[in-house]
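**Student:** One-letter residues, chain by chain:
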Amino acid sequence: MEAFLTQYIDAYYLRIFVLIGINIILALGLNLITGVTGQLSMGHAGFMSIGAYTAAILTMQYQAPFWAALLAGALLAAFFGFLIGIPTLRLEGDYLAMVTIGFAEIIRVFFLNFEPGGKAVGLYGMPPNTTFVLVWGIVIVVILLNAKLLDSRTGRALYAIRENEIAAEASGIDTTRMKVLAFTVGSFLGGLAGGLYAHYMSYIAPQDFGFMKSIEILNMVVLGGMGSIPGSILGAVILTIAPEMLRIVADYRLLFYGGLLVILMIFRPNGLLGDVRIYDIKKRWFKKEVG
Amino acid sequence: MEILKLTGITQEFGGLRALDSIDMTVKQGQIYGIIGPNGAGKTTLFNIITGIYVPVEGTIHFHGQELKAMSPHKVAKLGIGRTFQNIRLFNKLSVIDNVRVGSHAINKSGFISDLFGLPLARREEGQIMIRAGRLLNLVGLYEKRDEYADNLSYGEQRRLEIARALALKPSLLLLDEPAAGMNASEKVELIELIYRIREEMKLTILLVEHDMNLVMNLCEIIAVLNYGRKIAEGNPEETKNNEAVISSYLGVEA
Numbered sequence: 001m002e003a004f005l006t007q008y009i010d011a012y013y014l015r016i017f018v019l020i021g022i023n024i025i026l027a028l029g030l031n032l033i034t035g036v037t038g039q040l041s042m043g044h045a046g047f048m049s050i051g052a053y054t055a056a057i058l059t060m061q062y063q064a065p066f067w068a069a070l071l072a073g074a075l076l077a078a079f080f081g082f083l084i085g086i087p088t089l090r091l092e093g094d095y096l097a098m099v100t101i102g103f104a105e106i107i108r109v110f111f112l113n114f115e116p117g118g119k120a121v122g123l124y125g126m127p128p129n130t131t132f133v134l135v136w137g138i139v140i141v142v143i144l145l146n147a148k149l150l151d152s153r154t155g156r157a158l159y160a161i162r163e164n165e166i167a168a169e170a171s172g173i174d175t176t177r178m179k180v181l182a183f184t185v186g187s188f189l190g191g192l193a194g195g196l197y198a199h200y201m202s203y204i205a206p207q208d209f210g211f212m213k214s215i216e217i218l219n220m221v222v223l224g225g226m227g228s229i230p231g232s233i234l235g236a237v238i239l240t241i242a243p244e245m246l247r248i249v250a251d252y253r254l255l256f257y258g259g260l261l262v263i264l265m266i267f268r269p270n271g272l273l274g275d276v277r278i279y280d281i282k283k284r285w286f287k288k289e290v291g
Numbered sequence: 001m002e003i004l005k006l007t008g009i010t011q012e013f014g015g016l017r018a019l020d021s022i023d024m025t026v027k028q029g030q031i032y033g034i035i036g037p038n039g040a041g042k043t044t045l046f047n048i049i050t051g052i053y054v055p056v057e058g059t060i061h062f063h064g065q066e067l068k069a070m071s072p073h074k075v076a077k078l079g080i081g082r083t084f085q086n087i088r089l090f091n092k093l094s095v096i097d098n099v100r101v102g103s104h105a106i107n108k109s110g111f112i113s114d115l116f117g118l119p120l121a122r123r124e125e126g127q128i129m130i131r132a133g134r135l136l137n138l139v140g141l142y143e144k145r146d147e148y149a150d151n152l153s154y155g156e157q158r159r160l161e162i163a164r165a166l167a168l169k170p171s172l173l174l175l176d177e178p179a180a181g182m183n184a185s186e187k188v189e190l191i192e193l194i195y196r197i198r199e200e201m202k203l204t205i206l207l208v209e210h211d212m213n214l215v216m217n218l219c220e221i222i223a224v225l226n227y228g229r230k231i232a233e234g235n236p237e238e239t240k241n242n243e244a245v246i247s248s249y250l251g252v253e254a
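The listed protein sequences derive, respectively, from chains W and G. Mapping of the first sequence onto our numbering: position 41 corresponds to residue 41, and the numbering continues sequentially without gaps. Mapping of the second sequence onto our numbering: position 38 corresponds to residue 38, and the numbering continues sequentially without gaps.
Calculated from the structure, these hints are not laboratory results. Do not take every clue at face value.
Unchecked claim - Result set (BS3-like, lysine-lysine): computed pairs, CA atoms no more than 30 angstroms apart in a straight line:
1. G/Lys27 to W/Lys148
2. G/Lys5 to G/Lys27
3. G/Lys68 to G/Lys108
4. G/Lys5 to G/Lys144
5. W/Lys282 to G/Lys92
6. G/Lys169 to W/Lys148
7. G/Lys92 to G/Lys77
8. W/Lys148 to G/Lys92
9. W/Lys148 to G/Lys77
10. W/Lys282 to G/Lys144
11. G/Lys92 to G/Lys5
12. G/Lys202 to W/Lys148
13. G/Lys27 to G/Lys92
14. W/Lys148 to G/Lys144
15. G/Lys68 to G/Lys144
16. G/Lys202 to G/Lys74
What the hints assert, rightly or not - Computed footprint of chain G on chain W, listed as stretches where at least three residues anywhere in the stretch have a Cβ under 8 angstroms from a Cβ of chain G:
17. 49-56
18. 64-71
19. 229-243
All residues carry an ideal CB built from backbone N, CA and C; glycine is no exception.
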């Protein structure tokens with residue numbers, strides 16, 4: 001399969017497809033925390049870097065099997081997500097955002113000084129184990145499990161916390177536990193994406209996981225529509241492709257990128273798919289038929 | 001049989017005494033009304049019963065179990081459902097999902113079984129759906145089950161809050177100004193609804209209300225609060241004729 005793909009698809013496009021897949025995993029992880037549960041996290045790249053470095057160090061220095069390294073990276077990220085989830089019990093909105101930014105910065109500075117992680121130079125030469133098929137296989141599993149989770153007792157409880165925390169408590173939802181759960185699962189996905197990224201690029205450095213990366217992931221979730229799985233996927237696709245498409249405007253790339261975001265947010269303040277439901281589409285369609 | 005017993009409940013907010021040693025006993029199957037002017041401490045009392053505030057002094061017993069310092073979700077799990085004075089729905093969830101969230105307390109399916117759709121989760125989902133449909137039928141919102149909650153009218157939102165509270169199979173239902181903002185015919189429907197749910201679900205109902213007519217019609221026992229003190233308690237007739245109540249709340253007749 002992989003050989004077939006590399007033979008018939010241009011390496012450049014294949015690379016973009018792989019990055020889209022990794023970004024979808026990142027966006028779905030953050031969507032769970034910020035989009036669904038409503039806990040504004042601006043440090044998702046921090047979890048990604050934990051997964052990336054852990055997996056990279058394990059495969060390079062300990063010759064661990066790739067799958068084990070990926071899992072270990074994701075689990076360690078999940079553990080840190082769990083820790084970060086605890087302050088959310090007391091903090092909300094802007095204050096929580098500050099804490100998550102601070103956390104991601106601490107992680108970045110840590111890796112900047114971390115000897116086994118190559119300090120500022122970073123790590124290179126990871127075995128390129130991440131393939132197109134692997135990434136998209138994981139993406140499909142993640143999407144399916146995400147959809148299953150969000151349409152369940154747990155998922156509805158998470159949405160309820162976003163909508164009204166006091167009413168959620170009064171309905172018997174342990175909001176504390178649920179918020180920590182969202183952080184843990186979301187960071188697990190962040191760490192998983194990090195491990196995949198490290199073994200695709202074969203090179204990672206602390207600056208890959210800076211504040212801008214966190215904002216980029218947050219953009220995907222907000223642009224696509226908070227709490228919507230198709231939204232996060234679409235957001236990840238658009239924001240991965242956009243910088244590539246904008247190569248034609250060369251130096252003005254970032255200008256256009258920012259402008260695009262501003263325009264989209266003016267016309268779709270709830271995100272592209274944030275308030276789109278099958279029910280509403282059906283209703284509109286039905287009305288047309290009658291009229 | 002007593003279902004809820006408050007003894008000596010006292011609450012202070014920064015030196016202001018909101019509630020001053022309130023004693024109250026609600027019996028099984030009663031419709032118990034709490035009235036009083038604005039700021040008398042009615043909602044504060046609700047928030048204490050449901051665990052949002054921890055009282056400075058006093059004890060709360062529900063079915064003989066101490067509720068003080070128990071967090072709100074645990075109180076809900078014991079079977080106390082409530083509505084809010086300023087409506088608190090899950091606005092961007094559909095009407096039926098609001099009710100489905102309400103049944104959180106009576107189900108068990110956890111993260112793992114939800115994630116993989118294990119049999120426990122699937123079995124519960126079916127029951128949750130059926131119950132939510134029934135409750136929406138009861139409050140007359142079944143036709144609107146797929147609307148967003150914030151697209152409902154004010155009266156409908158109040159009824160949806162009741163349906164959501166009923167979803168946790170409460171034995172005690174607290175209604176915080178259920179008739180606020182309703183017109184006359186909606187109020188009549190509300191009274192019928194409250195009677196009906198009490199009969200069908202064997203509920204005890206504790207309600208705070210401003211509408212005198214509604215309280216006098218509906219409640220079997222009425223407690224009157226003023227400045228955090230309970231100044232009277234009794235059936236509607238007694239309350240209406242109580243001098244302390246007349247002077248502080250109903251107003252002296254000319």
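**Student:** Confirm or reject each hint.
**Tutor:** Outcome of the hint check:
{"no.": "1", "hint": "G/Lys27 to W/Lys148", "verdict": "violated, 43 angstroms"}
{"no.": "2", "hint": "G/Lys5 to G/Lys27", "verdict": "holds, 9 angstroms"}
{"no.": "3", "hint": "G/Lys68 to G/Lys108", "verdict": "holds, 25 angstroms"}
{"no.": "4", "hint": "G/Lys5 to G/Lys144", "verdict": "violated, 38 angstroms"}
{"no.": "5", "hint": "W/Lys282 to G/Lys92", "verdict": "holds, 18 angstroms"}
{"no.": "6", "hint": "G/Lys169 to W/Lys148", "verdict": "holds, 26 angstroms"}
{"no.": "7", "hint": "G/Lys92 to G/Lys77", "verdict": "holds, 24 angstroms"}
{"no.": "8", "hint": "W/Lys148 to G/Lys92", "verdict": "holds, 19 angstroms"}
{"no.": "9", "hint": "W/Lys148 to G/Lys77", "verdict": "holds, 25 angstroms"}
{"no.": "10", "hint": "W/Lys282 to G/Lys144", "verdict": "holds, 15 angstroms"}
{"no.": "11", "hint": "G/Lys92 to G/Lys5", "verdict": "violated, 37 angstroms"}
{"no.": "12", "hint": "G/Lys202 to W/Lys148", "verdict": "violated, 36 angstroms"}
{"no.": "13", "hint": "G/Lys27 to G/Lys92", "verdict": "violated, 37 angstroms"}
{"no.": "14", "hint": "W/Lys148 to G/Lys144", "verdict": "holds, 25 angstroms"}
{"no.": "15", "hint": "G/Lys68 to G/Lys144", "verdict": "violated, 38 angstroms"}
{"no.": "16", "hint": "G/Lys202 to G/Lys74", "verdict": "holds, 21 angstroms"}
{"no.": "17", "hint": "49-56", "verdict": "violated (count 0)"}
{"no.": "18", "hint": "64-71", "verdict": "violated (count 0)"}
{"no.": "19", "hint": "229-243", "verdict": "violated (count 0)"}
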